[in-house]
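J.: Here is what each chain is made of, one letter per residue.
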Amino acid sequence: MFTMPTLNYAQLAPILIVLGGALLGVLVEAFFGSKRRGPIQITLSLGTLVISFAWLLRIRNDISATAAMGSVATDGFGIFLQGTILVLAFLAVLLIADNDHFAPAVSALPGSEEEAAAISSGSRTTEVFPLTLFAVAGMMLFPIASDFITLFVALEVLSLPLYIMTGLSRRRRLMSQEAALKYFLLGAYSSAFFLFGIAFLYGYSGTLSLTDVGTANIFSAGSPVFLYIGMVFLTIGLLFKVGAVPFHSWTPDVYQGAPTPITGFMAACTKIAAFGALLRIFYGAFFLMQYSWKPFLTTIAIITMVLGSIAAMTQRDIKRTLAYSSITHAGFLLAGVVALNKAGLAASMFYLVAYGFATVGAFGIVTLVRDSSGEVTDLSKWAGLAKKSPLVSVAMALFLLSFGGVPMTSGFISKFSIFTAAYQSGNIAIVVVGVLSSAIALFFYLRVVLTLFFQEAPTDGVSVVIPSIMTRIAIGICAVMTLLLGVYPSLLLNLVDTMSTLVH
Amino acid sequence: MNILSFVTLFPLLGVVALAFMPKTNTHQIKIVALGISIITMLLSFVMALKYKSPASGFAYVTSHPWVSSFHINYALGIDGLALVLILLTTVLVPIVVLGGWNESEGGRWSVKTFYMLILVLETFMIGVFAATDVFLFYVIFEAMLVPVYFLIGGFGTGERAAAALKFLLYSLFGGLLMLAAVIGIYIISAEQAIGSFDVTALSHLTIDHATQNWLFLGFFIAFAIKAPLWPFHTWLPGAAKAATPGTSILLLGVLDKVGTYGMIRFCLTLFPDATKTFAPYIIVLSVISVIYGAFLAIGQKNLNSLIAFTSISHFGFITLGIFAYTSQGLTGATFYMVNHGFSTAALFLVGGWMISRRKSAAIEDFGGLQRITPVMAWLFFVSGLSALALPGLSSFVCEFLVLLGTFTRYPVAAIIGTLGIVLAALYILILVQRTLHGPLKSGNESMTDLNLREKIAIAPVIAALVILGFYPKPALHVINPSTTSVMAQMNVTDPHVLAGK
Amino acid sequence: MDISNYLYLSVILFTIGATGVLVRRNAIVIFMCIELMLNAANLALVTFSRVAGNLEGQVASFFTMVVAACEVVVGLAIIVTIYRSRRSASVDDASLLKN
Amino acid sequence: MLHQSLAFGQTATPEAVQFWVLAPVAVIAALGMLFMKKAVHSALLLAWVMVTLAIFYIAQDALFLGIVQIVVYTGAVMMLFLFILMLVGVDASEALVENIKGQRAASILAGLGLGGLLLSLVARASVNQPAAGLKLVNQTGNVQSLAAQLFTQYVWAFEVVSALLITAALGAMVLAHSTKPAARNKQRDLSIARFRGKSLADAAGLPGSGVFAKHNAVDVPALLPDGSPAPTSISATLKARGDVISPTPFALEHTEEVED
Amino acid sequence: MRTSSLLVYLIALPLFSSALLLLLGRIADKWGHILATLITASTFVIGVYEFMKMHSQPSGSRAVTQKLFDWISVGTLKVDAALLLDQLSICFVLLITGVGTLIHIYSIAYMSHDKDRRRFFAFLNLFIAAMLLLVLGDSYLNLYVGWEGVGLASYLLIGFWNHNPTYAVASKKAFVANRVGDLGLSLAIMICFAQFGTVSFAGVKAGAHGASSAALAGIGAMLLLAACGKSAQFPLQSWLGDAMAGPTPVSALIHAATMVTAGVYLISRSNFIFDASSTARLLVVIVGAITLLFGAIIGTAKDDIKKALAASTMSQIGYMILATGLGPVGYAFAILHLLTHGFFKAGMFLGAGSVMHGMDDEVNMRKYGGLAKLMPITAVTFGLGYLAILGVPPFAGFYSKDKIIETAFNAGGIKGILLGGAALLGAAITAFYMTRLMVMTFIGAKRWKAGSHPHESPLLMTLPMILLAVGSVASGFLLSYGSALVHWLQPVVNSQSMEEGKPLMPALTVSLLALGVVVLGAFFAITKYRSVSDLAPEDVSIFTKAARKDLYQDLLNDKVFVEPGTLLTAGLVKTDDRVIDGFVRFVGNFLAATSDVLRKVQNGFVRSYALLMLAGLVITVIAVWVIGA
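First to last, the sequence lines map onto chains A, B, C, D and E.
The first sequence begins at 21 in the working numbering and counts up one residue at a time.
The second sequence begins at 166 in the working numbering and counts up one residue at a time.
The third sequence begins at 10 in the working numbering and counts up one residue at a time.
The fourth sequence begins at 11 in the working numbering and counts up one residue at a time.
The fifth sequence begins at 6 in the working numbering and counts up one residue at a time.
There could be a bad hint or two in this list.
20 Å max Cα-Cα, derived EDC-like pairs, lysine to aspartate or glutamate [said to hold, decoys possible]: (1) D:LYS111 with C:ASP102; (2) C:LYS107 with E:ASP601; (3) C:LYS107 with A:ASP118; (4) B:LYS524 with B:ASP659; (5) D:LYS48 with C:ASP102; (6) A:LYS407 with B:GLU324.
The hints are simulated quantities; they were obtained by calculation from the structure and are not laboratory data.
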């Protein structure tokens, strides 16, 4: 019989606020002239994120598994990741807000007169702001979803805007569109797997609830075979999102083709959302079956770490390098997943935050390095940048060293805590491989640092544009956080310790 | 804040001061850097004078929680071992600043950057010896690579970028292995009690033999790369070739000592059983280092890489002494670390002056300097004598102690190691003969002899070498209790006297 | 008849779709293959719903349809955009981003 | 309902007949998608598969889904596909020659592997277990029951899906909508453009028809019958100013006299 | 045991003066040589004073010590900086300071034209200090410091004119050869410590009886190696000839009278080791016998007056080493010969220097001839030394050398006959080459270069020569009168302990025999070198050729050590680059190659990416199925 559903709007509010902001954004598109849209959208987006974050702070201790009829679990873990996503999205929006990353007239052919007209009229594709907010809403929902339908919907909510935004780059449009196509096709492909996995998990347990799958006795019709099929297919959908080998191939191409602020946003926030979901699923639903998936996930983690770092060694494009770096980091984070203990959960949370800040910061810097034709991502052109722009170079070096896990940066504490958790779970192989692949990874981070600092600048070199105040704030916050979390990690470690709780 | 913390952090004050000075005022910047480093040195002297060997553990202990979720503390404390190395550091830094007065100019970056890096490095160098928390030690151990990386890459010569990268990669690779071991021992401590990184607490753990072996290797390889022990040494010659003399002095004189220091502080005391298992193999590596480094030194054509290879030989002696784990071997090795610091400093200082005057580091470009720049030639000769461990200079005392200590446990190794002293004579005298003796080679005519600043810079080094050679007691007096306590922690005693009463 | 025949059918269709993505070059056809995979998944959901005796599978299937519709809109928009720039809907032509 | 389900594994005969008739056709149609040269054929085959599935849904007590499948999926989605295909060129056919080395063989291998694997796995799984059937839950009608679930337990997801729809609309707008058709250039604009071009050579316009000359600007020398430029055809003033354009690009190609 | 606070000044004074002269630099140019000489003289005075005091004590308690400070104290190793002056060391102290003072005086004049004379004197003082430390140290480790110190001083003085590349190489060679010997000494010390837990003479002496014979033989052999290095004994003899590159006073002081006899001191000092190990003793006598013949043979072919004397020194020290291996009484005879040799050989070197001084630094004897008339004092003092070394009674050498020959014959059995024969043969050859030297230099026709104006040296040079000549004449008699030295050394080396067995032949017979061969050798030389060409003849026997080339010792060293060493070095340099660094590079290249392969996988085709995903999926399904099953 139909009973009124009860939704705890207070706990859903952060997501709803973001969705509301997005809707307002759509309305702004409709009702304001192209000149005025820009500032309004920026203010709106930033405001939405701030309000949502404020609300999130208010409800940070309200833990419940029934906020939305069992569809979401608002727990420490979820709230923490939501907050992280909001903060990073805020920084990313600051980068996005900088003028000229997006094609002014997306539908116009590259190089056409129409495009030229759009450029000269100064119009902007302000639709990215609502799209970003939609994506943020999806990302916030993804790690707290506790049934498979919500999970699937959240996945799509976060993915679709990203597919679109990937194709909006102002320069090198063909590449950008190609990236969008690749991202879309592969994304859709992987969500088909994801869905198929859901079907079989349902076949196994007769339920779509994450918790019930985990505790399902062998259901009358279900067979463990369904569980295995379901688990594998579902996982592959998620592994695609985090960019784990061999489901990573989209990452470099998309990272390179997408507008750089979007790449930053995507690299940081998607990873957090996807890992949030992964952690929730494996720490919750699949906890009891760990013996069947741990070996395979461990293997994936190892392959991801090793191949990611090896492949990055010979990259010549900074964005591709960072893409492979994100693949490597996915490997390390997977080590946190397979650790399967509280330390692993806390470590993963810390790692995601640290990684997120460094990533947004690094891509923020990429947006600054330009020549007459726009952003320059060819590493050889970056040579000797430190001479011209020491501060920017130092910040970049800081982010890279953090990626490399050099002490005194947040990346080191991340790596340390992840490895500690993995070690604690007895998974020493992953620690050893992790350490070795860190060494390889260090090579290419240091290669970039070396290029920046020690090579002579080429004559047709690049320059760093004077960053706008927003970009400056974004990069500044990222740099400060990267350093602060490296020097005094207790700030965050204590927080993740208390927040690393999962409700089922 | 206790005096140890104060000494450790004091150079950072200089960094802050320098940060606010205008870039162009290079002379003032140098003066400030020199002043800060001298005050640090004096502070460390005060600390040393008030130092009393603690019955057990460390003196000047201080501890504040740092990362409480992992029980990581900002914990400092020193024993004799650490004290002498800290003193070495604080003495060498002003000498480097004064001796390499002009080497900061003409780099990629400003003079200001150079001295800020040097002072940051000084804090790290003191801190790494003072840290009693394994995690803190590790963090500093790794972090100190960064300033050196920039010092080599930014102010060096020749293939500086590649050399800096190679140096950093090697060290970080080792560091990562060590990280795995650090985590491992933390987990073990968490299993046996509340997790801890305190070195004293960790030494009381009971660790099964296989685990000990792995953890030992994790630490050891990191230290062996840093030390550098054969066959992990190939980063060194390039780095020494590319770095400025000042950087080389800090690199070889102090930084690399962290490797050998770590072996004593961590490998020996935390994993005594594994030490006993691996000692014979490490002794073999050490002996190879001694002989190999000496032969390679003979074969070098570049002044800096020659000095680097002599150091590889000397580090072989140090590890020989350490892994013989006799009181003579350990004390000798520790004392060796100090003396090698001074003797390398002397060699690099004078070598650096020679190179900067000649604008070439190729040995064949020199010749007959004795006639034209007698003071410089003499100082180079004396530095060379300390490198070949001439009795009367402090390097003799330690080298002899090492060999003596090794002989009682590993006679064959000591006998082969002794060959090193003949080879040492060869490489030093060949070098001396080619650069200082013979007729004056063309290109050297316009060389000038040392100026007063340079003489003042090197005087303390030579004085230290001579005084400690004649009267090593103050150093040995400080080192001996630490040695005893290390051996007690390892639960070993010196081998028995074979014959006699 | 064995109900699991539906599952076999689902699996076969899914496989055909998954393979089709690999062998076809027209982006639209590839996308259609993906739709085929989604349909196969839906069939499995409906079948399992019958087996489990609850409607959750059907609900999921319903959501899938909605989501698929949205996806189609976005996907086809992207394909059209790229077609306009390149005059080609072949995915093999879109290979600027590589290595 | 049309039939009763007995146990997981067994259904009534009519359903079996239906299945055995339609399923092979669906598979063949799906395979056909893979082998059709023209995309539009593939689309039609896909539509056929979807309709088949709709029938299966209805047969499996999912009446609502069956209808939706036909209306929304086959009706709307597939039409969208066809529409886009038209836009792209309905005749566009794809050469079925593989140009990525080893792609086809590997794909088929992977496909067969996946199919074989899944089939054998499913075969292992479903052994003698009773199916619950939907009779009970569909008592009040499939649509009503579905609605009840949808609007209670899954209401949150339902709400969120709206975001998806808006995103899709917004996305389609951004990607495909162009603000205004660019104004066509008027004659005035064209002539201005001509004079602002790189060379004034285009400024004079082309000579009238029936003339050998390819150009008739004053600063371009006239061509003599043998194709060589006639220097005297240029005003001396222009020469003095250096405003002479080389006539070479406008020279006649040397044509052979063809004799029949 | 008595203590004396004066001992330290023996070392400190010259060390201080040396440091002062070096540090002050040119400021001290004017008076540096005088200060150095006075300091050395003052050490001689202290030596004499200590000798007097010692002499006044009963023979059992003559040794004095002085502890300065704890030097090294680690674990059970306790080494004091302490000095020991006993009957043995006082002999050396007097020799070193005495001869040293004379040579300082001589050098004032000899080096008067050298602008670096101050530095020369600083080095000489450094040498004196180091040598005194060598003989005064109360433990092997203290001895070792002096041991290397004299090596350093020797290096500095040989290379005094190091702008000449040959001289620089010679100094390096000397140091390295010495270092090989030092290796022996340090190993000996290590064995001592491992065996006895101490490195002091007293401690080792106390423990020596309890040690295994292998250990004792080891210590003995290593000490012998040390002695070989410092005293230029076979097989480490090759440096001594080249060491003549140094100024002549250096050759006289260091490479004739004092430093090269350190090996003899070391063996005598370690008598407790050698007494307890017959193996070690055997090695000693073999080395001594070989070297005494070796040196003598080389000496016959040298035309360079200093090199001839150097060969002679090598040979004479061979006698001493031989003696030390012959048992307790041998030590005393070795020291006796050491002392007499110190006088006559230093005298002869100074004579040679005087000749060179007069002949514009010409060293080739073939360019001399008939100098006796022009340099009477030099000729006479040299002649007295000549008679002494030949062992003509009653000159000093007669007392010392005959005793050694006699003791060698008495060593018993075949060994005795062989050793005695060798010693006797050596005496004959000595007579031959010394006579050759005398004849070629002082007698016969003038063969000078045009423009030479040979003249007698100034008083400052001749005076030391005269004094040393007096020593050459009288020292032998004085020291052996009533076995004075044997008795004197008894408490240290136990020189009267051994029961003299039945001697092979009476002492007189030995003396006559020795005299006979000497006369024979001298006669042979006189007839052969009555007339000498000023160019060395080329058509000589292979023996002469071999002797001229130092019996191919350098060739042997080159072939056995230098060339393989050079090859090894070059090989290792390559190994370092190609194998060790190469391995690291290989790993890097391998990873880079893998990376390139991975780049190729990332081929830009979306279908390939999808294929990769599907393949990954299939493999994963299989894996999970296998694990799940």
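J.: Does each hint hold? Answer for all of them.
T.: Consistency of the hints with the structure:
Between D:LYS111 and C:ASP102 the alpha-carbon distance is near 15 Å, which keeps this suggested pair within the 20 Å criterion. For the given pair, C:LYS107 sits about 12 Å from E:ASP601 by alpha-carbon distance, which is consistent with the 20 Å threshold. Restraint check for C:LYS107 and A:ASP118: the C-alpha separation of about 28 Å exceeds 20 Å, so the hint is violated. For a cut-off of 20 Å, the pair hint linking B:LYS524 to B:ASP659 is broken: about 51 Å separates their Cα positions.
As the CA atoms of D:LYS48 and C:ASP102 are separated by approximately 18 Å, the hinted pair is consistent with the 20 Å bound. Using a Cα cut-off of 20 Å, the hinted pair A:LYS407 and B:GLU324 holds, with the two alpha carbons roughly 18 Å apart.
Going down the numbered hints, you'll see the structure goes against 3, 4, while the others check out.
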